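Engineer: Take a look at the letters that make up each chain.
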Amino acid sequence: MPASEAHTTFTRELRIDAPRETVFSYFTDPAKMARWMGIEHRLDPVPGGAFRVDMNGRNVAAGHFVEVVPPARVVFTWGWEASEEMPPGSSTVEVRLTGEGDKTILHFVHRDLSPVQAQRHGEGWDHFLSRLGVAAAGGDPGPDPYREPSP
Amino acid sequence: MEPVLRAISDARRREIIRLVRRRELSAGEIAARFDVSRPAISQHITILREAGLLTERRDGNRRLYRARPEALAGVRSFVEEFWIDHLDRLKEAAEQEATEQEETDARQ
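Chains as they are written, first to last, in our numbering: chain Z, 1 to 151; chain R, 1001 to 1108.
In isolation and in its complexed conformation, chain Z is listed as follows (with noise of 0.2 Å):
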């Protein structure tokens, strides 16, 4: 991977035992989602549907599906709305799950996370702040579930 594209990627890569229809449905099912990110949920899984998650009441993130092939492959666009750095649908969000049985492998990758300010800058710096804008937003401290201790 270059340089670059270390900086404005995200790639995760996860093991989880359970079936790839039952994952699938945490990408697509508002009330799936709500078990693992935000508080409220408008999810239209089909080509150009709308995706749109509240964080926490203060945190939107915003962008629309673009590939949704169940149970394979989900792609969806991401940002964070009233944000300038990273407004909704600027960065794209891929999850592909491989796997058999009651066995999952979650490929987890979020690239794109500021492509305009690369162009512009050309510096790894400018990416890194951006994403710390980013971090700050969705980081929000407060009643945000996914800040909490885990049990």
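Any given hint could be a false lead.
[Stated by the list, open to error] A few chain R residues that don't get close to chain Z, going by computed Cβ distances all over 12 Å:
#, residue
1, Gly1028
2, Gln1043
3, Glu1050
4, Gly1060
5, His1086
[Claimed, not checked] Chain Z regions said to be covered by chain R (calculated; three or more residues, Cβ under 8 Å):
#, region
6, 18 to 26
7, 33 to 46
8, 66 to 72
9, 98 to 111
[Stated by the list, open to error] Among the chain R residues that face chain Z by a calculated CB cut under 8 Å, a handful are:
#, residue
10, Trp1083
11, Ile1084
12, Leu1087
Derived by calculation from the structure, the hints in this document are not laboratory data. As the structure is a computational prediction, the values presented were derived from the model and not from experiment. Built from N, CA and C at the ideal position, the CB exists for glycine as well.
Knowing the structure of chain Z, use the given hints to seat chain R on it.
Structural biologist: What follows is chain R alone, placed relative to chain Z:
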């Protein structure tokens, strides 16, 4: 970590960090790049310094500032925590559902 996030949540403060990431500048030199008052810039510098994002060095009666990238490096992992934490929660929820489903199937 929260003071750091608060510090970088302001676009002007992020711009200040960019200005001094490779060179030292005095408060006056930093302020000259902005069309806001010098006291306002001083306050931004104080917030950044208290968050550990800027270092201050005295040179005679001048105070020079420079970014502390290592402080930001600590935040970098925090950035990724958004997805790491959320995906861990997803895993937990999906596995719990799968376990419950297995138990239901076993009873039938």
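Engineer: Hint by hint, say whether it matches the structure.
Structural biologist: Here is how each hint holds up against the structure:
1. Gly1028: holds (24 Å)
2. Gln1043: Fine: 18 Å to the nearest Cβ keeps Gln1043 (chain R) off the interface.
3. Glu1050: Holds: least Cβ distance 16 Å, greater than 12 Å.
4. Gly1060: holds (30 Å)
5. His1086: Given that some Cβ of chain Z is not farther than 12 Å from that of His1086 (chain R), nearest at about 5 Å, it is violated.
6. 18 to 26: holds (count 5)
7. 33 to 46: holds (count 3)
8. 66 to 72: Violated: only 0 residues of the region 66 to 72 of chain Z have a Cβ under 8 Å from chain R.
9. 98 to 111: holds (count 5)
10. Trp1083: holds (6 Å)
11. Ile1084: Because about 7 Å separates Ile1084 (chain R) from the closest Cβ in chain Z, which is inside the 8 Å limit, the hint holds.
12. Leu1087: holds (6 Å)
In this structure, the earlier hints numbered 5, 8 are contradicted, and the remaining ones agree with it.
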